[in-house]
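Colleague: Here are the chains, one letter per residue:
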Amino acid sequence: MAAPQAVTVRSPGLLRRLAYWLEPRWRDPGWLAFALNRLTGHILVLYLILHLVVLSQLLDGPSGWDRLLGIFGSRPFLVGDVLLIAAVVFHGLNGLRVAALTFGYGARHTTALIVVVLVVSTVLSALAGWAILT
Amino acid sequence: MSEQVQPGRRFLGRPDAVEPGYVPPASDTSSRAGLGAGARSRAGRLWLLQALTGAMLVGVLAVHLVAQHFLAPDGLRDYANVVDYLRQPLAAVIEVMLLGSVIVHVCLGLRSSLVDVLGEAALRRVSIGLAFAGIVAIGYGLWLIIALLTAPA
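Those protein sequence lines, which keep their order, are chains A and B. To convert, note that position 113 of the first sequence is 198 in the numbering used here; the numbers rise steadily by one, no gaps. To convert, note that position 35 of the second sequence is 637 in the numbering used here; the numbers rise steadily by one, no gaps.
Note that these hints are calculated values from the structure, not bench results. Cβ coordinates follow ideal geometry from the N, Cα and C atoms, glycine included. Some clues are possibly wrong.
Quick list of the computed label-pair ranges, beta carbon to beta carbon [what the hints assert, rightly or not]:
1) A:Val200 <-> B:Arg726: 20 to 30 Å
2) A:Ile156 <-> B:Ala753: 20 to 30 Å
3) B:Arg726 <-> A:Gly158: 38 to 48 Å
4) B:Ala669 <-> A:Trp215: 29 to 39 Å
5) A:Val204 <-> B:Trp745: 11 to 21 Å
6) A:Asp113 <-> B:Leu651: 41 to 51 Å
7) A:Tyr105 <-> B:Leu751: 45 to 55 Å
8) A:Gly189 <-> B:Ala749: 42 to 52 Å
9) B:Leu751 <-> A:Ala216: 25 to 35 Å
A few chain B residues that face chain A, going by a derived Cβ cut-off under 7 Å, partial list only [to be verified]:
10) Tyr681
11) Asp686
12) Gly711
13) Leu746
Could you put the whole structure together from the sequences, leaning on the hints where they help?
Modeller: This is the structure we're talking about:
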């Protein structure tokens, strides 16, 4: 009997690799948590860059910084703050879950822990939203 | 694009249903296993660093958010308030810890994302680029903090 031959394939291209992140079929809750973790992570990176750039206005003294406070206190910015806090809370809580998983805790209750992370994130974000918008 | 022998299962940068920070075991036949033991142990150490900076961030970011927004009048500190806050030694230490941990955490997270998309061939370039960007960002943040600490009240 002939020995099985190794199949040679090309490495997947950039678009296919990107599409793989967003492919929802055949996935379990761990994928949802992973995809949300990456999405929120990338949103937070963009915010961090913006935040560092905006903080440079502090170097202009009170005239530079205090002028911006009026804009930051406007309704659209406050709504953005709430969404940002939701991203921070989910990313932080899910990160703690993943770190615990790495050290061997919670592997048997992955789905339950993801649900807990989502529920706690939603509750904390709602409370933050209430505090900020009211 | 280089050619490779197909592993025993589908592998597109990260196997299905594994968590962020996944490091394949030495017996893995996927592309990462070809990196050698040194690179695998480095990946493990970097993952541990990401977990540690993440855990640190939970604490220092919570302090930052509460101090800068929830305790500040109207949710935002004006210039004088920002400078007063930073001139408290504990606050300055926490802000520096926040700066360092967030930049390291971001660079390691972006490294994982970019290597997943660009492939292992880009690992070295991505690592060097992000290390440079991280050093610049930390330098910029420290310069900003020092400038505010030495600014006239």
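Colleague: Now, for every hint given, state plainly whether the structure supports it.
Modeller: How the hints compare with the structure:
| no. | hint | in the structure |
| --- | --- | --- |
| 1 | A:Val200 <-> B:Arg726: 20 to 30 Å | violated (39 Å) |
| 2 | A:Ile156 <-> B:Ala753: 20 to 30 Å | holds (22 Å) |
| 3 | B:Arg726 <-> A:Gly158: 38 to 48 Å | holds (45 Å) |
| 4 | B:Ala669 <-> A:Trp215: 29 to 39 Å | violated (20 Å) |
| 5 | A:Val204 <-> B:Trp745: 11 to 21 Å | violated (41 Å) |
| 6 | A:Asp113 <-> B:Leu651: 41 to 51 Å | violated (28 Å) |
| 7 | A:Tyr105 <-> B:Leu751: 45 to 55 Å | holds (47 Å) |
| 8 | A:Gly189 <-> B:Ala749: 42 to 52 Å | holds (45 Å) |
| 9 | B:Leu751 <-> A:Ala216: 25 to 35 Å | holds (30 Å) |
| 10 | Tyr681 | holds (4 Å) |
| 11 | Asp686 | violated (12 Å) |
| 12 | Gly711 | holds (5 Å) |
| 13 | Leu746 | holds (6 Å) |
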